[in-house]
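Enquirer: Protein chains in written order, with the numbering used here: chain A, 18 to 346; chain B, 7 to 322; chain C, 5 to 462.
Hint data in this document are derived by calculation from the structure and do not stem from the laboratory. Only a predicted model underlies this, so the values are computations on that prediction, with no experimental measurement involved. Treat the hints with care, as some may be off.
Stated by the list, open to error - Sample of chain C residues with no beta-carbon within 10 Å of chain B, all distances over it, derived: (1) V235; (2) A237; (3) I254; (4) L262; (5) R276; (6) R281; (7) E313; (8) M346; (9) R347; (10) A352; (11) V353; (12) T356; (13) T408; (14) L442; (15) A449; (16) I453.
Unchecked claim - Residues from chain B shown here face chain C by an in silico Cβ test under 10 Å; the list is partial: (17) F159; (18) P166; (19) A227.
Note that CB positions come from ideal geometry on N, CA and C, so glycine has one too.
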Amino acid sequence: MAAQAPRMDGPERDTVRSLLAELWRDRLQPSRPGSGRETPVGRLVHGALFVTATLSAFVTIGIVLVLIFETVEFFRQVPLIDFFGSTKWSALFAEKQFGVWALVWGTGMIALIGLAVAIPLGLMAAVFLSEYAPPRVRAAVKPILEVLAGVPTVVFGYFALLSISPVIRNIFGQDVGIYNALSAGIVVGLMIVPIIASLSEDAMRAVPRSLREGAYALGSTRMEVSLRVVLPAAFSGVVASIILAFSRAVGETMAVTIAGGGNPQFGVDPLEAVQTMTAMIVQLSLGDTPTTSIEFKVLFAVAMTLFVLTLGMNIVAQWVSQRFREEYE
Amino acid sequence: MSRNFFGLMRSSAPPATEAPDAIGSERAAPPPPPTMKQDDAASAGVHLDPNLEAVRHDFTEEVDMALKLRGVSAFYGSFQAIDRMTMPIPRNRVTALIGPSGCGKSTLLRCCNRMNDLIPGARIAGEIEFEGRNLLDPTVDAVDVRRRIGMVFQKPNPFPKSIYENVAFGARINGYSGDMDRLVEDSLRRAALWDEVKDELDKSGLALSGGQQQRLCIARAIAVQPEIILMDEPASALDPVATLKIEDLMRELAEHYTIVVVTHNMQQAGRVSDYTAFLLAGEERVGRLVEFGPTQEIFTNPLDQRTEDYITGRYG
Amino acid sequence: MSAAMPSAQLTAFAPRIRIRRGFSVGFMVVALLAITVSMLMLGALIVEIAVDGAARLFTDGSATSQEVRGGTLIDLPMPDGMIWLSWALPVAILLPFFGLRVVRSVLSDQFARSRWIERSIGVLTTLPVAIFVHILYVRFESAYYIEYAKAIGVDDASGTIFQLFGEASGFQFVRLITAGLILPLGILAAGWLWSHRLRRPSLLLPAVAVVAWVVYLFLDPLFLSSYPSRVPAQAGLFSAITGTLYMMVITAAVAFPLGVGAAIYLEEYARRNWFSRMIQVNISNLAGVPSIIYGLLGLQVFVRVLEFERSVLAGACTMALLVMPIIVVSAQEALRTVPPSMREAAYAVGATRWQVIRFHVLPYAFGGMLTGNILAMSRAIGETAPLIAIGALTFIAFLADSPTDDFTVMPIQIFNWVQKPQSGFHEIAASGIIVLMLVLLVMNATAIIMRQRTRTDW
Numbered sequence: 018m019a020a021q022a023p024r025m026d027g028p029e030r031d032t033v034r035s036l037l038a039e040l041w042r043d044r045l046q047p048s049r050p051g052s053g054r055e056t057p058v059g060r061l062v063h064g065a066l067f068v069t070a071t072l073s074a075f076v077t078i079g080i081v082l083v084l085i086f087e088t089v090e091f092f093r094q095v096p097l098i099d100f101f102g103s104t105k106w107s108a109l110f111a112e113k114q115f116g117v118w119a120l121v122w123g124t125g126m127i128a129l130i131g132l133a134v135a136i137p138l139g140l141m142a143a144v145f146l147s148e149y150a151p152p153r154v155r156a157a158v159k160p161i162l163e164v165l166a167g168v169p170t171v172v173f174g175y176f177a178l179l180s181i182s183p184v185i186r187n188i189f190g191q192d193v194g195i196y197n198a199l200s201a202g203i204v205v206g207l208m209i210v211p212i213i214a215s216l217s218e219d220a221m222r223a224v225p226r227s228l229r230e231g232a233y234a235l236g237s238t239r240m241e242v243s244l245r246v247v248l249p250a251a252f253s254g255v256v257a258s259i260i261l262a263f264s265r266a267v268g269e270t271m272a273v274t275i276a277g278g279g280n281p282q283f284g285v286d287p288l289e290a291v292q293t294m295t296a297m298i299v300q301l302s303l304g305d306t307p308t309t310s311i312e313f314k315v316l317f318a319v320a321m322t323l324f325v326l327t328l329g330m331n332i333v334a335q336w337v338s339q340r341f342r343e344e345y346e
Numbered sequence: 007m008s009r010n011f012f013g014l015m016r017s018s019a020p021p022a023t024e025a026p027d028a029i030g031s032e033r034a035a036p037p038p039p040p041t042m043k044q045d046d047a048a049s050a051g052v053h054l055d056p057n058l059e060a061v062r063h064d065f066t067e068e069v070d071m072a073l074k075l076r077g078v079s080a081f082y083g084s085f086q087a088i089d090r091m092t093m094p095i096p097r098n099r100v101t102a103l104i105g106p107s108g109c110g111k112s113t114l115l116r117c118c119n120r121m122n123d124l125i126p127g128a129r130i131a132g133e134i135e136f137e138g139r140n141l142l143d144p145t146v147d148a149v150d151v152r153r154r155i156g157m158v159f160q161k162p163n164p165f166p167k168s169i170y171e172n173v174a175f176g177a178r179i180n181g182y183s184g185d186m187d188r189l190v191e192d193s194l195r196r197a198a199l200w201d202e203v204k205d206e207l208d209k210s211g212l213a214l215s216g217g218q219q220q221r222l223c224i225a226r227a228i229a230v231q232p233e234i235i236l237m238d239e240p241a242s243a244l245d246p247v248a249t250l251k252i253e254d255l256m257r258e259l260a261e262h263y264t265i266v267v268v269t270h271n272m273q274q275a276g277r278v279s280d281y282t283a284f285l286l287a288g289e290e291r292v293g294r295l296v297e298f299g300p301t302q303e304i305f306t307n308p309l310d311q312r313t314e315d316y317i318t319g320r321y322g
Numbered sequence: 005m006s007a008a009m010p011s012a013q014l015t016a017f018a019p020r021i022r023i024r025r026g027f028s029v030g031f032m033v034v035a036l037l038a039i040t041v042s043m044l045m046l047g048a049l050i051v052e053i054a055v056d057g058a059a060r061l062f063t064d065g066s067a068t069s070q071e072v073r074g075g076t077l078i079d080l081p082m083p084d085g086m087i088w089l090s091w092a093l094p095v096a097i098l099l100p101f102f103g104l105r106v107v108r109s110v111l112s113d114q115f116a117r118s119r120w121i122e123r124s125i126g127v128l129t130t131l132p133v134a135i136f137v138h139i140l141y142v143r144f145e146s147a148y149y150i151e152y153a154k155a156i157g158v159d160d161a162s163g164t165i166f167q168l169f170g171e172a173s174g175f176q177f178v179r180l181i182t183a184g185l186i187l188p189l190g191i192l193a194a195g196w197l198w199s200h201r202l203r204r205p206s207l208l209l210p211a212v213a214v215v216a217w218v219v220y221l222f223l224d225p226l227f228l229s230s231y232p233s234r235v236p237a238q239a240g241l242f243s244a245i246t247g248t249l250y251m252m253v254i255t256a257a258v259a260f261p262l263g264v265g266a267a268i269y270l271e272e273y274a275r276r277n278w279f280s281r282m283i284q285v286n287i288s289n290l291a292g293v294p295s296i297i298y299g300l301l302g303l304q305v306f307v308r309v310l311e312f313e314r315s316v317l318a319g320a321c322t323m324a325l326l327v328m329p330i331i332v333v334s335a336q337e338a339l340r341t342v343p344p345s346m347r348e349a350a351y352a353v354g355a356t357r358w359q360v361i362r363f364h365v366l367p368y369a370f371g372g373m374l375t376g377n378i379l380a381m382s383r384a385i386g387e388t389a390p391l392i393a394i395g396a397l398t399f400i401a402f403l404a405d406s407p408t409d410d411f412t413v414m415p416i417q418i419f420n421w422v423q424k425p426q427s428g429f430h431e432i433a434a435s436g437i438i439v440l441m442l443v444l445l446v447m448n449a450t451a452i453i454m455r456q457r458t459r460t461d462w
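Let's have the full structure, built from the sequences with the hints guiding it.
Expert: Quick look at the structure:
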């Protein structure tokens, strides 16, 4: 039972004074009743950190205010119907037309071409990395994907204009313009492959091992497990990654400015030059437009459209990944 | 110190008259659990707190109290973890908290130095008297409480820094400006670790073995010169040899410090502790104090049938 | 009897089971093919750019090629005074701090604990890199001083340094100190920490330095140290490189504290209430806002309202807002890797919340935060659109003297060259891309290595 320690009660205990207590004597700060739980520096830091955290809210408010302010100015001069009810865009000509659908169409076309390239490549890469690749290959390919995602878009623009366009012209004939939607769309696709691959792969790896093992135990092949079990199980993540990639493609600027051409039009031919919303903003920014001019204001109206579109897609992506997330315990 | 804990000595005086006063000042009274037989108790002329009965009458005789818990309840959100625990923690003794898993031992321990403040949604009601003040009082500085009531955790958790820095950290942030080398050396000696590490004080604390790490954590705790050291199953992650060392250490430390140790291991409680509290969770998983008293008596002559069942191994 | 039944059933069953391993292999082949195709396209991109760009970026050493370009190869003399100053100043500033500590630790018995041998080796291994970076920087700087010497009519640039100090603006002065202070000493300090973590010297950094030296020997100094020109053969990336450098320094200085601060607040201080949730959702939405919209925000707020004009400062602030969500998210991830038991341990010895963060959480998570910051900076280096929106110029024939000067950056310069019809400009665009990609590659590699090194087992 308990090996009783020598008892040192009352005055006897005072004689047994530890070296530690000696060391600490007179250095003990008196108990600080009610002095708060933080040093002055700590309180200062707390306040400062709070300010930095709220800054992001102010950035959002700033973006919205800036966009709304000039957009409202724009719609004072140009009726809403001219903006949303027309497919003709000629902001820089004498006879100005502001049919935003020409730009939205150009944006959509390039983004869709991009998705057509990126979805098969990205999903295959994701399935391969998550289900097939040995750890070593994975460890090597993942950083490459990250680097690929970090390549400046100007570089992709160069690639589209000086490498892909000549190939397209060789295939479809020399009367195809050097600026066309197809080459821009292809590089946009390449650009968003890492997003789809990386996010989908994360979603697939989150599928629990037991699910895979259950399928294997029924005699499934690896492909069946990958495509029939893992992919559906990770479906919400995959869809969210595709929506996010689409949003990124819509907001992509430099490559489509360089390779897409500057021709806002409402045609279905991917070999024609088009202009996206972002490219239009760049075009107007490059010229010295006076801040009072209508061209300057339409910049913000288009940016507002772009902002609402991408924000909507991002929110949908978040909603999808949360609402349809399969919970595994 | 009061020999008459809570004014309650069942052997000498009937508790009914004085006990209600002792807990009458309790703020933020917890919602009464269904099992609480307040009316019955009152009508029977017994004190309001059923737990008080668990405190054995003959323990208070010659020790004074480091802590006095009165009606301590803890809640995590809407879940009540422990219910109105009332017990003393004798000074310069080892007190063991035993009981099956989930009976609130660790919760009770973490109440004693307000570590529960750090958990979002955690609430404590009741009173813990420490040097004449209620340390659960919102005006009491939790940081100061933690300096004076140290803690050692279940899994050794040295900082990823040198051994020296591990020990010196607490003293430094608490404004110690004396001879740091001596303080480190003395703390490590106290923790029975000095001889093993004195030549490699700049080695990472993580490079030590599990048992050494735990002793480093103990050295870290005593370097700030606390009055009480709380230990949350300090030996459960260690091998038997290291466990034995920790137990020896606890006995030695008890000369200078009050130690409260949570343990799953009955033999350990028997070996190291002077006093033992047995806690048990009821059907609704709310932990309650069943019995408190000198270890020897708890183990050889328990008052409560449940204690006996547990000690003889009838609960898991 | 009963045993015969299942076996009969099995045989009846057997033909239906087909192991379709072929599909599996087929899929793997297709997937591999897809990855190969994308890698090949990436490879094609690299080759294309390398072939086009190398011609201008590397010198073949013959005098004729220099003459064809119409440029004269000036072997940039480095002003002696500047070299001495840029080393002496930081040393003079840092010596009191470090020297005192070293002396104190030698005098006390803590000397044995300071691991000075390992650390000295660590510093020595990084010394070549530090010197290389320093010389590279001085080389750039000296071009500026030579211009300046010409402008004030002095032939010998080495003499101008002291004249210059008489009229140097604050920014020039800061720039000069930066040459010695931040870059080489930063690298040496990294070596110091490096050795502490590694416990044995690594040959990686000296190897990097050697490779960099070799590449540097073959580089055509004209391209990297010439201003833009209407003639492709004479155009260079000088103002774009320096512009990028200045912008990055300011961007990091603005974005890192803000982003890390927000992350610390959200992870360590904020309660789980509507406010912190709102901020969190807001940050993830900000990360998805197209970069050009940040440009318009910067145009209205920094350029027009705050009247920074089209300056380095306006560009850097815009960029800081753009990369802040990335920094916040990565810093939050880094903070989440800090084990809760460590926080508890620190609280249990009586640390306040800020002390826990300052002494335990931040040191533990700092590597991860820095990694995120490097990745964010590599994003900022490549961004073009927001800077075009705020109106950064493409033809800058001078160096920024202060944060309020006009500027250009590498991607804008490349964009400008790509858009020109002459193929000569396309070639130097490729050269510019090589430089840009090399910088990015180095940054990304650093981030990835750091992420793997700082992963601490608990």
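Enquirer: State for each hint whether it applies.
Expert: Now the hints, each set against the structure:
1. V235: Answer for V235 of chain C: holds, closest chain B Cβ roughly 58 Å.
2. A237: holds, 56 Å
3. I254: holds, 33 Å
4. L262: Consistent with the label, L262 of chain C stays out of reach of chain B, its closest Cβ about 26 Å off (over 10 Å).
5. R276: About 6 Å separates R276 of chain C from the closest Cβ of chain B, which leaves it inside 10 Å; violated.
6. R281: holds, 14 Å
7. E313: With a cut-off of 10 Å, E313 of chain C remains clear of chain B, as the shortest Cβ separation is near 47 Å.
8. M346: violated, 6 Å
9. R347: violated, 8 Å
10. A352: violated, 4 Å
11. V353: violated, 3 Å
12. T356: At roughly 5 Å from the nearest Cβ of chain B, T356 of chain C sits no farther out than 10 Å, so the non-interface label is violated.
13. T408: holds, 43 Å
14. L442: Given that every Cβ of chain B is farther than 10 Å from that of L442 of chain C, nearest at about 35 Å, it holds.
15. A449: holds, 26 Å
16. I453: Holds: least Cβ distance 20 Å, greater than 10 Å.
17. F159: Check passed: Cβ of F159 of chain B comes within 6 Å of chain C, closer than 10 Å.
18. P166: Hint holds; P166 of chain B Cβ to chain C Cβ min 6 Å, cut 10 Å.
19. A227: holds, 7 Å
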